[in-house]
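Residue-level listing of the chains:
Number of protein chains: 4
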Amino acid sequence: MIIVIQCKDQIGLVAAISGVLAQEQLNIVSLREHVDPSENRFFIRIEVNGEAPMEMLQRRLSTLLPEDAVISINPRPEKKIVVMVTKEYHCLSDILVRHHFRTLGASVQHVIGNYPVLEDICRRFEIPFSHISHQEIDKEVFEQQILDVLLRCQPDYIVLAKFMRILSPAFIGAFPTRIINIHHSFLPAFVGASPYRQAFERGVKLIGATAHFVTDQLDEGPIIAQQIIPVSHSFTATDMMKAGKEIETSVLARALRLVFEDRVLVYKNKTVVFE
Amino acid sequence: MIIVIQCKDQIGLVAAISGVLAQEQLNIVSLREHVDPSENRFFIRIEVNGEAPMEMLQRRLSTLLPEDAVISINPRPEKKIVVMVTKEYHCLSDILVRHHFRTLGASVQHVIGNYPVLEDICRRFEIPFSHISHQEIDKEVFEQQILDVLLRCQPDYIVLAKFMRILSPAFIGAFPTRIINIHHSFLPAFVGASPYRQAFERGVKLIGATAHFVTDQLDEGPIIAQQIIPVSHSFTATDMMKAGKEIETSVLARALRLVFEDRVLVYKNKTVVFE
Amino acid sequence: MIIVIQCKDQIGLVAAISGVLAQEQLNIVSLREHVDPSENRFFIRIEVNGEAPMEMLQRRLSTLLPEDAVISINPRPEKKIVVMVTKEYHCLSDILVRHHFRTLGASVQHVIGNYPVLEDICRRFEIPFSHISHQEIDKEVFEQQILDVLLRCQPDYIVLAKFMRILSPAFIGAFPTRIINIHHSFLPAFVGASPYRQAFERGVKLIGATAHFVTDQLDEGPIIAQQIIPVSHSFTATDMMKAGKEIETSVLARALRLVFEDRVLVYKNKTVVFE
Amino acid sequence: MIIVIQCKDQIGLVAAISGVLAQEQLNIVSLREHVDPSENRFFIRIEVNGEAPMEMLQRRLSTLLPEDAVISINPRPEKKIVVMVTKEYHCLSDILVRHHFRTLGASVQHVIGNYPVLEDICRRFEIPFSHISHQEIDKEVFEQQILDVLLRCQPDYIVLAKFMRILSPAFIGAFPTRIINIHHSFLPAFVGASPYRQAFERGVKLIGATAHFVTDQLDEGPIIAQQIIPVSHSFTATDMMKAGKEIETSVLARALRLVFEDRVLVYKNKTVVFE
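Residue numbers (this note's numbering), protein chains in the order written: chain A, 14 to 288; chain B, 14 to 288; chain C, 14 to 288; chain D, 14 to 288.
Derived by calculation from the structure, the hints in this document are not laboratory data.
Possibly wrong hints are sitting among the right ones.
Here are the computed distance ranges between Cβ atoms for each label pair [what the hints assert, rightly or not]:
(1) A:D161 x D:D252: 23 to 33 angstroms
(2) D:S207 x B:Q167: 19 to 29 angstroms
(3) A:P50 x B:Q167: 35 to 45 angstroms
(4) A:I242 x C:N282: 51 to 61 angstroms
Partner residues aside, some chain C positions facing chain A, computed with beta carbon under 10 angstroms [as the list claims (entries may be wrong)]:
(5) N87
(6) L109
(7) S245
(8) S263
From a predicted model like this one, the values you see are computed outputs, not experimental measurements.
For each residue, glycine too, the CB sits at the ideal point set by N, CA and C.
All chains should be built: construct the whole structure from the sequences, respecting the hints.
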């Protein structure tokens, strides 16, 4: 079993939680705890061997912990996700391959593209694809069509795998800490459009990619994972973009693994990642 | 306070330990736990805010935990070390600089060199240096002279900072998990002498360095930290050696920081590193 | 145009080569040269803007350069490859996806598997798959069946994407520096079988993967690229294998890109890689 | 001998240069060339075996190359440098140690500090130190006192090894591409003050450091080298600063090596680095 909890910090939380587990004859195999003193916030992730009734555990922990405690016992082991894309194939293909071979830790319910180009690769893996164009319609209507799909699929997470449209605050607000984006730069450098062109102009020697939860502040949500790759003067902006795609794929895969294994806790604008 | 414990695993250990801490009004700021199921071994490192009498804590924990428990409460915050060297300056200088500016997390009591070349740099930092030559004497006598210095200094750890002599099992056995070595390769590749020459001949594209505890099996002790650096066809064996020195310095510094902060627990031939 | 040459070293080679290019009004955009003094061997890779008749260039260069010169002008821009696999999907899928989206720099002619499990993924990408079992037949017969496919496909390179059988010296000798293998370890550590089990037992803190040309010395051929990933005490042997697969995929992709862009020159047991 | 040239690009430059070298019986051991097409700029670095009169080579190359050619033959093998510091010891100590053991590739003529705290470490290595305070004097006077030292030392390069004052455009303009700074962040993220505090607030998972030439645009000069180090939620802003110092030291050392080996060519706001 996996138990993930966050709440305000106070003395005795670990004793209270581990006491309940011991009484239920659950053996703790791995435990990670973190306190953020600036926020007075307590985070814990516990893996135990053994089984116990989940409702009872939930109830007993609730009575012992502060009122604001968010307790997650045995989170759904295989998450359901919807992937949103535009035209670039690299992140989506990686997700589809892992899904296909059952190593993603999640099940891809549906793919939504604002262009139809990636429908073919989805079809090859028998994943439903909806082409929802943003062109010649109001943003509100565009997002409502997306919401219709999401309501039908009830995903745990929405993965923006190189989805190049900006979503409205209303849309984002409906899925707090449930939308994951891959940003093509080492945030906070090169916020916004054309980061590889910016990186080229600046003559950087490393380029990066950042996977983060989406909030209504563009490119400002809690960071889950970041990675870099060295570049040199011999790289054109196009070469940088190609190199960037490699780490975009890699860092999104890593972030998704961490999230799907319930290793990422979010509080305010930061993540606690228990690797 | 910092509390580090290892013992055989059983149900309820975290509850028992954290219960004692809660009763003493100690707040857990950071907790890392690991169970090695193949060895049925429990490891924990806890940082708490607040103070409590150490002897009492030790006594209460001892009665609750299995008999084989090794309990370390508030390990000496600044370790005492003796550094042993041959002729290469890079690791020693890094240690001396950090010692000098009080950022090593340890106090260098003495440096022993089997050549006199590094005496000068020690003198500049006012660290006592003993030149103990291995030449024209029995190994036993050589090691006895080293032991005399060690007995006088009573170091917590002995750091082999590019000490190029092989110590006898008897010597090593006298300081279990207290001798730290920097090995100039990515163990277990290139065990033994001339690893850079071996790496050059093999045409590798990465070279590594390994910091490990010394056991009587040459280059086989528990690994603390490893690091690599990319190389290319344009590197001569000498260039590889130069690049290697950079990561030797860096990985030894990292390993020492981890050990001096009581983040490294050793069991059999492996380490648990709570970073 | 791309021009790649290796020959024994002598004074004036760059002048001779660049003189011919200048006379043909070809502008050198990028030039990388390397001399291995221990082998007295000259390596060069030149990218030029402009066009000139290839046969004429070849002829003029041949007359100027030492007799042993290997001159390759405008190597086939898109290589033909055959991929050989056993049961693991990760490297093959990555190759198939890049092939499908025309970013591999090569065209996958055929996939050969000694088990049938990866036939399905090939079918999804419309790549012919031959199941050639090694079971219950002589190795000679097994290899002859593979050779039949290779003769039909005439690949520039054979990619062993987790092909877990050892090929005979006769087979390997038929394709010198044309068989590329991904080895699941940081060679020369953990040569042979079960490297992740070996790595786990040893308690390493980094695991690696190596892409190399295959020679008749097992795991001893010229190394093209290597990469590592950090691991910790919390990794089981299975976790190490999973992490290893990620870098296997990544390092093989990188090695293939380098080879397909004609950036890798081989001499004896080493590579010169002009990145 | 080492020959480094940059000029506007045209057909036949490599042929012209290598022709001269061949006539002088100089054997090219390593050659790196790069053309920046967007700037129509040619860069080359050549290492040759053999000797020839430098003035004659310079003259013959000058007549063959475009008028704007900057030709550097056998640049001074050991550069002279002046180091400027404030209070932090880590970069300066690393430079002093390498200087002391003759592995810096440069000779430290003098250290200037706007605080006196680092005088002691300089004294230990017998390097002259000038305390030039910025306090209670005009910036102009402050800089004039620095200039007096520089005029006396005639350094090839000025290294800002954590010098925390902003120099005037007039000062900087007097030493174009000769002032090297280490910036405590992954530029262009976190420009300006308190980058570690900024990084902490943003919850980044990597922190970086950047070595660059100084221009009158704050933190905007040509980048020489960059490096990153992973961090996690468990890092306080102070921990990030400590981790940052490690890579500041390392990336500055790397940048200095590249510059001192004449591997860095600057044009406009970018560098070409021939590693």
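- prompt: Does the Cβ-Cβ separation between S207 of chain D and Q167 of chain B fall within 19 to 29 angstroms?
  reply: With Cβ atoms ~43 angstroms apart, the hint is violated.
- prompt: How about S245 of chain C: closest beta carbon in chain A under 10 angstroms, or not?
  reply: holds, 8 angstroms
- prompt: Can L109 of chain C be said to touch chain A, with a Cβ gap under 10 angstroms?
  reply: holds, 9 angstroms
message: Is 23 to 33 angstroms respected by the C-beta to C-beta distance linking D161 of chain A and D252 of chain D?
response: violated, 46 angstroms
query: Lying within 51 to 61 angstroms: is that true of the beta-carbon distance I242 of chain A to N282 of chain C?
result: violated, 29 angstroms
message: Assuming the hint says 35 to 45 angstroms, is it satisfied by the Cβ distance from P50 of chain A to Q167 of chain B or not?
response: With Cβ atoms ~36 angstroms apart, the hint holds.
message: For the restraint on N87 of chain C, tell me whether the closest CB of chain A is nearer than 10 angstroms.
response: violated, 20 angstroms
- prompt: Can S263 of chain C be said to touch chain A, with a Cβ gap under 10 angstroms?
  reply: At about 7 angstroms, which falls below the 10 angstroms cut-off, the nearest Cβ of chain A leaves the hint on S263 of chain C intact, so it holds.
Hints 1, 2, 4 and 5 from the list above are not met by this structure, while the remaining hints are.
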